[in-house]
Structures are given as C-alpha cells and as structure tokens.
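Undergrad: Sequence:
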Amino acid sequence: MSDALSTLPAVTRVPVPLGDRAYDVLIGPGLVARAGALIAERYPTARCGVVTDESVAKHHLKALEKGFAESKIAGTVVLPPGEATKNFVEAAALSERLLDMGLERGDLVVALGGGVMGDLAGFAAAILRRGIRFVQVPTTLLAQVDSSVGGKTGINTRQGKNLVGAFHQPSLVLADTETLSTLPPREMRAGYAEVVKYGLLGDQPFFQWLDQNWRSVFGNDPSTLTRAIETSVKAKADIVVRDETETGDRMLLNLGHTFGHALEAWAGFSSRLLHGEAIAIGMAQAFRFSEELGLCPAGTARQVETHLKAVGLPTRVAHIAGPGKPDAAALFTLMRQDKKVRQGQLTLILVRGVGQAFVTRDVAPEAVSQFLDREIALPA
1 MSDALSTLPA
11 VTRVPVPLGD
21 RAYDVLIGPG
31 LVARAGALIA
41 ERYPTARCGV
51 VTDESVAKHH
61 LKALEKGFAE
71 SKIAGTVVLP
81 PGEATKNFVE
91 AAALSERLLD
101 MGLERGDLVV
111 ALGGGVMGDL
121 AGFAAAILRR
131 GIRFVQVPTT
141 LLAQVDSSVG
151 GKTGINTRQG
161 KNLVGAFHQP
171 SLVLADTETL
181 STLPPREMRA
191 GYAEVVKYGL
201 LGDQPFFQWL
211 DQNWRSVFGN
221 DPSTLTRAIE
231 TSVKAKADIV
241 VRDETETGDR
251 MLLNLGHTFG
261 HALEAWAGFS
271 SRLLHGEAIA
281 IGMAQAFRFS
291 EELGLCPAGT
301 ARQVETHLKA
311 VGLPTRVAHI
321 AGPGKPDAAA
331 LFTLMRQDKK
341 VRQGQLTLIL
351 VRGVGQAFVT
361 RDVAPEAVSQ
371 FLDREIALPA
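In the working numbering, the protein residues as written are 1 to 380.
Treat each hint with caution, since some may be false.
Straight-line Cα separation of at most 30 Å, DSSO-like style, residue types lysine-lysine; simulated pairs [as the list claims (entries may be wrong)]:
| no. | residue 1 | residue 2 |
| --- | --- | --- |
| 1 | K234 | K309 |
| 2 | K62 | K72 |
| 3 | K325 | K309 |
| 4 | K72 | K58 |
To be clear, the hints were calculated from the coordinates, so they are not data collected in a lab.
Build out the structure end to end from the sequences listed, making use of the hints.
TA: In structure tokens form, the structure reads like this:
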C-alpha cells in the first residue's frame, strides 16, 4: 500500500488497464481530504487547477484544498451547478481561466463534483494545450459509478447531450464514499439509476442483490455502498478496456440512454429532469419496447419497473414534473441526433431479459415512432 493510502481505512482499488494510459479508481472514505497527497505521490512536480461547482464547493472544497501543499494549487474555478453549465460558453471560459493559471502539459486539472463537472473539466483538459492530464474526484453516486470512469468528456448543444467532446482518460479517480452523505435524496436516487443499469445490462445476480439491498445503499451503509460502487466500476472498466472508443460492447453502457437523452434535451437539461431520472425512464422504456417486440419474456418490464418505482425513480414520461408532454416526432428527431446513429440508422440497446442487453440497428423507424406515441400516452 502506498504511503498516502496507509492512513486510510478500507480503500478499494479497481485498476483500469489501458496500457500507458492505465489508472486506478480508489473507492473509500476520506479520499477528498487525502487527494493532494495521493496526487503528489504520483505526480510530484504537477500543479493543479481545481474545477468545481457552487454546491459542491460548500461541502468539500476546503477539505480538498487543505490536503494540497499551497504551491501545488494553481487556482480554483467555481462554476454554477447543473447540466446547463455543460455548454460552449462555459467550456471556452473555463479553458481561458485554466490557461491564465499557467497550467502546462505536465500539470493537472482536478474535477471535484458530479458528472457535469467531470465532463466539462475533462473536456477542457482534453483540448487544453492539445491535452493535459486530469484527475476525477467524483462526489455523486452517478459520477462515482459511471461518468468518472472511461474517459468520456463533453458538453451539450441544442441538438442533444454530449454531442461535442473527446475520449480523454483520467489519470486517477478518487471516489470518496463519505461525500455521498451530503447528497439530497433525489440526487442519490438519480445516481442509483446508473448502478442498477449494470445489473440490467449484463449481471442478473447483481440486480437481484440490489433488489434485496437497495435500502442499505440509500442508507449509506459503508460495506453495501462500497460493494455497489466497486461492482459498478469493475463492470464499466471491463467494458471500457474491451472497447474504449465505443465501437462495439461499450454501446451496452447506453442502456436507456437513447430514450433518456432525448427526454433530457426536451426538458432543457434542467432540474425538471435529472440525468439519472431520464435514464431510469429510458431503461424502463427499453424493457417495455423489448417486450412489445417479443424479445424478452412477458413480465420482465414489470419486474424492472417495480424495482425502479420502489427506490423512487420515474419510469414513464408522465412522471416528469412540470407542464406539457413531449411530441413523439420531436423526441424521435432528438433520438436521431444520438452519437450511436450510423448512416441515419438508430442504434438501440434492447434486452432479452434482465442482464441480457444487446445492440441492434434492425428496428424500423416507424416502430420506434409508434412506440413513442404509446409511451407518451401512458398515464402516471
């Protein structure tokens, strides 16, 4: 065990073996406070530009900064929270501010926060001086199990979510489980959607375990929470190593995302619909559509919907707060902007059962449009 880790209790290490870009995901308590030491141990000459948002800064920024030697922090940027911050204007301003800090190619950007900060700061790191290193310090469940691992960075545009970005792997991920105790319940539920996704797409026993233990996950029970995060990170790491740039198996990680991202865009990337909530609806839709197409046994979609409802996640379009309903044609147009579209053909992640997701481009557009019409008409 390294010197910086020797004083920490119960830290779990998950390696992401990508050759000369390999890195570790460390999971456990106290990692925010020890981030400075852990980074200095690996990159002793690097200076760090910290990027966070206003909400996260209130809870965790002082602890992070205290753990660094004063000379090692080049500066800190505090941005507005929320998905709307992931845009060209903020990305340009952030890049300028990081350059003003004098960050060089041997230095680091440190992303402290949820998926929005990780995506935006990672994208800035990917384009700054044609690529500098960055460290993810995810403080939400969603970021710890999904967006902080795998090197996807990016911003949103009016055409859709994450349509501008780069594959840029982090140099280290520090998932501090203690930060999750500061999350509002709604944010914790939204993050859980990405946890259960790993069971639904390829690990039926994990789904069954979650069905029995989700209350302990939400109760921040240390061992249960660590197991849920570790299992999720290992599942993602295995897929990323096989297919880093999403030409095959990595598409499976988008279970629920083609439907969900369209709903997020329709809702204006706002607090009306959090990312994890959109993915929960999208996963329920993927199972309902698969069942309609005769791909999975009757009752499978109900099993999934029952679990998502039990933890407090939405499963239908009618569950989205606020006035109005989306138009099926508008949603379909947004789905066609999905990054996985090939030669105009939608790529869908459908299922043959729990833990049996697969990629297909064989569904007729008319069938998708008609399904969206039925989904929009479903009552709450």
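Undergrad: Could you tell me which of the numbered hints above are not met by this structure, giving the numbers in increasing order?
TA: none
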